Amino acid sequence: MNLDPAVDRLEDILTNHSSLIQVERLYRYYGALCAVNDVSFTVCRGEVLGLLGPNGAGKSTTLQMISGNLAPSAGRVSIAGYDMQTQPRAAKAQLGYLPEQPPLYPEFTVDEYLSYSARLHRIARRQLAAAVSRVKQRCGLSSVGRRLIASLSKGFQQRVGIAQAIIHTPEVVILDEPTVGLDPIQIREIRALIGELASEHSVILSTHILPEVQAICNRVLIIHEGKLLLDDSIAGLRRRMQASSLVLVFRRPPEVGVLESLAGVMAVDQLDEGHVRLHYEPQHNPTDNIMRCALAGDWGLSELRPERLSLEQVFIEITGGQAPGGTEAVA
Amino acid sequence: MIAVIAGRELRSLFLSPLAWSILAVVQVILAYLYLSQIDFFLQLQPRLAGMTEAPGITAMIVAPLFGNAAVVLLLVVPLLTMRLVSEERRNQTLSLLFSAPLSMTEIILGKFTGLMIFLLLQLLLISLMPLALLAGGTLDFGVLATAVLGLFLLLGSFAALGLFMSSLTAQPVVAAVGGFGLLLLLWIIDWAGSGRDSTTASLFGYLSLVRHYEPLLRGVCSSMDIIYFLLFMTTFLVLAIQRLDAGRLPS
Numbered sequence: 001m002n003l004d005p006a007v008d009r010l011e012d013i014l015t016n017h018s019s020l021i022q023v024e025r026l027y028r029y030y031g032a033l034c035a036v037n038d039v040s041f042t043v044c045r046g047e048v049l050g051l052l053g054p055n056g057a058g059k060s061t062t063l064q065m066i067s068g069n070l071a072p073s074a075g076r077v078s079i080a081g082y083d084m085q086t087q088p089r090a091a092k093a094q095l096g097y098l099p100e101q102p103p104l105y106p107e108f109t110v111d112e113y114l115s116y117s118a119r120l121h122r123i124a125r126r127q128l129a130a131a132v133s134r135v136k137q138r139c140g141l142s143s144v145g146r147r148l149i150a151s152l153s154k155g156f157q158q159r160v161g162i163a164q165a166i167i168h169t170p171e172v173v174i175l176d177e178p179t180v181g182l183d184p185i186q187i188r189e190i191r192a193l194i195g196e197l198a199s200e201h202s203v204i205l206s207t208h209i210l211p212e213v214q215a216i217c218n219r220v221l222i223i224h225e226g227k228l229l230l231d232d233s234i235a236g237l238r239r240r241m242q243a244s245s246l247v248l249v250f251r252r253p254p255e256v257g258v259l260e261s262l263a264g265v266m267a268v269d270q271l272d273e274g275h276v277r278l279h280y281e282p283q284h285n286p287t288d289n290i291m292r293c294a295l296a297g298d299w300g301l302s303e304l305r306p307e308r309l310s311l312e313q314v315f316i317e318i319t320g321g322q323a324p325g326g327t328e329a330v331a
Numbered sequence: 001m002i003a004v005i006a007g008r009e010l011r012s013l014f015l016s017p018l019a020w021s022i023l024a025v026v027q028v029i030l031a032y033l034y035l036s037q038i039d040f041f042l043q044l045q046p047r048l049a050g051m052t053e054a055p056g057i058t059a060m061i062v063a064p065l066f067g068n069a070a071v072v073l074l075l076v077v078p079l080l081t082m083r084l085v086s087e088e089r090r091n092q093t094l095s096l097l098f099s100a101p102l103s104m105t106e107i108i109l110g111k112f113t114g115l116m117i118f119l120l121l122q123l124l125l126i127s128l129m130p131l132a133l134l135a136g137g138t139l140d141f142g143v144l145a146t147a148v149l150g151l152f153l154l155l156g157s158f159a160a161l162g163l164f165m166s167s168l169t170a171q172p173v174v175a176a177v178g179g180f181g182l183l184l185l186l187w188i189i190d191w192a193g194s195g196r197d198s199t200t201a202s203l204f205g206y207l208s209l210v211r212h213y214e215p216l217l218r219g220v221c222s223s224m225d226i227i228y229f230l231l232f233m234t235t236f237l238v239l240a241i242q243r244l245d246a247g248r249l250p251s
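Chains A and B, in that order, give the protein sequences. Here the first sequence stands for residues 1 to 331, where the numbers follow this note's numbering. Here the second sequence stands for residues 1 to 251, where the numbers follow this note's numbering.
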C-alpha cells in the first residue's frame, strides 16, 4: 500500500520501463456482440495479475488475444516489446499459455507430450530431456512421466497443462481459469505452484473466484461485460470491499433503540435471534463504543465482525449502483 | 518445425487402431483385386501368346491394380484427413500450436507431411504386389515408375483436399463426407462434358482427376499432368492455411 504520491509516481516510471505486456485499447467483436470493449493495461516483470470477472465477462477472449490465439478487432498487444500482430513469432516465444481447457493429447504419455511441446517451442534436441525433467519436477509430475494423459486425474492434467506453458521458461505465463473443476486440495496445490511461478515469470491468470485472487495475485483487474472496471492492487481491492456495517451476535440482546442511539450508528437490522446488522457512518466506526456498552450492560456479546462486500456487490458498487448491503453507503 | 508436427501426426495415427486397420483393409482388398487380375491374365495368356504386339504383364496387371488402388484410396484418404484439424479444433488443442512460435504455413505443411509419410507407406505396400511378379517374369519398370509417381501425386491431391475440408469444420465426420464428396465429383466430372461441344468437354476433362491419372498408368509422363497435380495440392494447401488463419480473425 503506497499512500505517498511520490512513491506512486516512481512506481509508474518503473512500470513503464519494465512492463512485459502492454495491452492498448483492445476491442473484440463476435458479430454484433462486443466481447471486449476498450481494455488497456500493462503487466510488469514479476507481477501476478488476476483477471477477475463473472462468467462471460470477456476474460477468456482477452487472454486469447494476448496469447495470439485470436486477433483483436482493434487495439494492440505487445509482449516484451514485440507486437503480437506484426511479430507474432518473437512475441509468442516469450509466452506460455494454458487455455481454459488444457490442450492435451490423451493418447500421449506425459513425457511424450512435454517433449512435443518443448520441440514446438524450439528447444534444441540436446536440451530436451533436461527441460522435460526440470519442468516435471517443478510441477510435481515426476512420478507420472510414463503414464498416458488420458489416465490422469483432472488435477494432474491441469499440472501437465501448466508444465506445457512453462517448459520453455517464458517471460510471461497466461493461465485461463487454472483451478476450475478441481477439488479443494488440488486447488491449493495449483495455487502454491502458481505462487512459485511468480518468482521467475510474470503471470496473468483469470478466475471468477475472489479469494483466489486475494491468495495469489498482487494486482487485480476487474472486467465486466467486456469493460475494464478496476485496475488496482490487492490492498486497494480490499479497501473497496470494506462495507460500513458490522454483524453482532448477543446472548442477551439489548433493545434495538439502545443500539440506534449509539454515536455514528445509522440503522440497525434485526436478523435472527440475537443477530443484528448495524450500519454506521464510514467516519464513525462504533466498535469501541459497542464493546464498552456491551460490557457495561451485560449483553453477552459473542461475535462482532465487520462485513465485507461480496464480489458481486463490489461489481455493483464499481458499476455505479449501490451495494445491496449498504444502502446508506456513500456512492 | 514441420518435422516436429509431422512426427506428432504420424505418432497419433499409429497410436490409434485407425491407421493399422486402414493399412490392413486396403491391402486385403487390393490383394484380392490383384489376384483376380492375375487369374484373368492367366486365362488370356494362351490367346495373347498368338498375338503380335499383345499387351504385356505390366499393362495387364499393374495398370488395373493402380487404377483400383486410386478408387479405394479415394474412399479411404478422407477418413485419414478428417481428424487433422477438426479434431484439434473440437478438443481445443489447436491453441497449443497457435501459442507456439509457429506460422500457419508450418502447421498445415507439418500435418500434410505427416499424412504423406503414412500414405507413402501405403504406396510402398501396394507397390510390393506387382514387384512380386518378378519371381516369374519381367516388368516394364518405366511404366511401373510412372504409375507409382501418378498414385503418389494423386494421394497428395487427396490429402491436400481432405486437409482443407478438415480445416473448415469442427466435426471430423462432416470433413470426411465433404472431402469424399468433392473428390468423387472431381473424379467423375469429365462425364458431364462427354458428347457435348468440345470446349465444355475439354474444360471438365481438364478438371477431372482421372484424366490426368490415366496417362501415367499407361506410362505417359506428361509435364501437364504433373503440373496439374502440383497445382491442385498447392491450391488446397494455401486454402487450408488461409482458413486456419481466418479462424483467429474477427468475423
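For the record, the hints were derived by calculation from the structure and aren't laboratory data. Careful: at least some of the hints might be erroneous.
[To be verified] Restraint-style ranges between C-beta atoms, simulated for each label pair:
id	chain 1	residue 1	chain 2	residue 2	range
1	A	SER18	B	SER16	44 to 50 Å
2	B	ASN91	A	ASP83	26 to 32 Å
3	A	GLY56	B	SER16	46 to 52 Å
4	A	GLN214	B	ALA3	34 to 40 Å
5	A	GLY181	B	ALA24	35 to 41 Å
6	A	ARG147	B	ALA3	51 to 57 Å
[Unchecked claim] Listed below are several chain B residues computed to face chain A (Cβ distance under 10 Å; list not exhaustive):
id	residue
7	SER12
8	GLU88
9	ASN91
10	GLN92
11	LEU97
12	PRO101
13	GLY136
14	ARG218
15	LEU239
16	ILE241
17	ARG243
18	ASP245
19	LEU249
20	PRO250
Note that the structure is predicted; figures quoted are calculated from it, not measured. No residue lacks a Cβ here, since even glycine has one placed at the ideal position from N, Cα and C.
Taking the hints in turn, this is what the structure says about them:
no.	hint	result
1	A/SER18 <-> B/SER16: 44 to 50 Å	holds (47 Å)
2	B/ASN91 <-> A/ASP83: 26 to 32 Å	holds (30 Å)
3	A/GLY56 <-> B/SER16: 46 to 52 Å	violated (36 Å)
4	A/GLN214 <-> B/ALA3: 34 to 40 Å	violated (46 Å)
5	A/GLY181 <-> B/ALA24: 35 to 41 Å	holds (40 Å)
6	A/ARG147 <-> B/ALA3: 51 to 57 Å	violated (26 Å)
7	SER12	holds (6 Å)
8	GLU88	holds (8 Å)
9	ASN91	holds (8 Å)
10	GLN92	holds (5 Å)
11	LEU97	holds (7 Å)
12	PRO101	holds (4 Å)
13	GLY136	violated (44 Å)
14	ARG218	violated (43 Å)
15	LEU239	violated (19 Å)
16	ILE241	violated (14 Å)
17	ARG243	violated (14 Å)
18	ASP245	holds (9 Å)
19	LEU249	holds (5 Å)
20	PRO250	holds (4 Å)
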